[in-house]
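If you read the protein sequences in the order shown, they are chains U and V.
Here the working numbering is used: the first sequence runs in plain steps of one and ends on residue 1647.
Here the working numbering is used: the second sequence runs in plain steps of one and ends on residue 1647.
I should point out that these hints are in silico values taken from the structure, not numbers from a laboratory.
Each hint should be verified, as a subset may be incorrect.
Given that identical chains are not distinguished, each listed pair holds provided it fits within a single copy or across any two copies.
[To be verified] Pairs of lysine to aspartate or glutamate residues, derived as DMTMM-like cross-links and limited to a Cα-Cα distance of at most 20 Å, are as follows: (1) Lys1586 / Glu1555; (2) Lys1488 / Glu1553; (3) Lys1521 / Glu1553; (4) Lys1431 / Asp1526; (5) Lys1583 / Glu1572.
There are 2 protein chains.
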Amino acid sequence: MKKQVKLSIPQQSEQKRPLICTPLTGSDRNSLMTQLEVIVKKNPDMIEWRVDFFEKLDDLQAVKSVAEEIRNRSAHIPILFTRRSTREGGEEITISEKQVFNMYEAMMISKTVDLIDVELSADQADIDRVKRLAEDHHVQLLMSYHNFSETPSVEEIYNKLKETEDQGADIGKIAVMPQSIEDVLSLMQATTKASKHLSIPIVTMSMGRLGALSRMMGGACGSAMTFAVGSASSAPGQMPIEQLNAVLQVIEDVMGE
Amino acid sequence: MKKQVKLSIPQQSEQKRPLICTPLTGSDRNSLMTQLEVIVKKNPDMIEWRVDFFEKLDDLQAVKSVAEEIRNRSAHIPILFTRRSTREGGEEITISEKQVFNMYEAMMISKTVDLIDVELSADQADIDRVKRLAEDHHVQLLMSYHNFSETPSVEEIYNKLKETEDQGADIGKIAVMPQSIEDVLSLMQATTKASKHLSIPIVTMSMGRLGALSRMMGGACGSAMTFAVGSASSAPGQMPIEQLNAVLQVIEDVMGE
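The whole structure should be built from the sequences, with the hints applied where relevant.
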């Protein structure tokens, strides 16, 4: 009950098998519990609650109660708590930014989540507040950047990841949209560079149909985690966890020493 | 009997599933037939006879006889006939370059093979001779470049593939050795570029443990064919055809429309 799961995302070096995170996207308690039951059986390394899909977001007690129920039914799988903003591809919500960060605070204090996702584009004051609380409550801070329209240059992708490190994040994440295979290769190049030069684990993905390659091969380039569908997709290009596991096993077999 | 297999390697565009070619590396007739029996059951798209492994290379009648037997037992799978030179990673042989090209001529005339591999580094006179004969006998000319020590720059890889087109090859092939994941990504970048700008199908691979990624993902970058082990490996990093097929199926599922 409210027991905090100890989590360590290893910094990823070449050829390591990345962790798999599966999203929860239900709009109410029942659909979330149905998804959770399906997901837990598939044994992902992490579960992300995309709380921006939750329709009762304006009821903090409801959020806390569902968070506790997720915790109790997640078989000790670490929980990443994420409100994705509309400017970075998330759902429309009815609460203010201040309320979002109050909710984050409540989650950290109640120890029902292990990691919190905060976007690099958030206000610096909000970032600083979450950072202090995350340290106090031993919650890991994942800082993220999403671009649903294009893929920035290798240098820009690297710089965004560097920015998460500079901000004091425990993990840096970037998700970008490719227009071509060249864009997917750019994301993978930047991943390789960042995994060598940064001191924190990074999580990267190229989205959509073309980007699916990066969800399979990103681990070999140094991405510490990849997102897959356990019950429902939360971003374009996510593939079923079973298919992803099969490919990761082959990669491990042929690339392992 | 001596029926020529009609083969068309499609020019590869993004997301197409690449053909799979499996090598024959036996040193004598019996070991070749044992390998062939295993390979044919696995239904590759092409079979490469790496004739430099054959110990009776100095006996042209023996080569012709085995070639005919391979043809008759290969279940209409197209045959690529390859003598890999020692300078490009092949086996030591006892015959001269002139005898090698005489052997190529005999193979084309006897119509026991569908494609011939000629290295870009061969003498121009030999290349021209094979090219004429290949046209006359409707054999496809695959021109290749191998580097077992390093990965040239994206530009150099592209230029080697362009050179195969300029030489009049029907298919261009390049195999390079990576020292890092960056090198594997370079090969994939050059593949993407060449598949868009050249008029002939190209076949590319990064070798070794790291390069295995390119054997799985190269098709998505525009490589028309990938080599896999049916019975025995002919180059570092080749993986079993069963594993490769499983990964290619997933890629097709998630990247296909």
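Quiz item: Against which earlier hints does the structure fall short, listed by number upward?
Solution: As far as the earlier hints go, 2 and 4 are violated by this structure, in ascending order.
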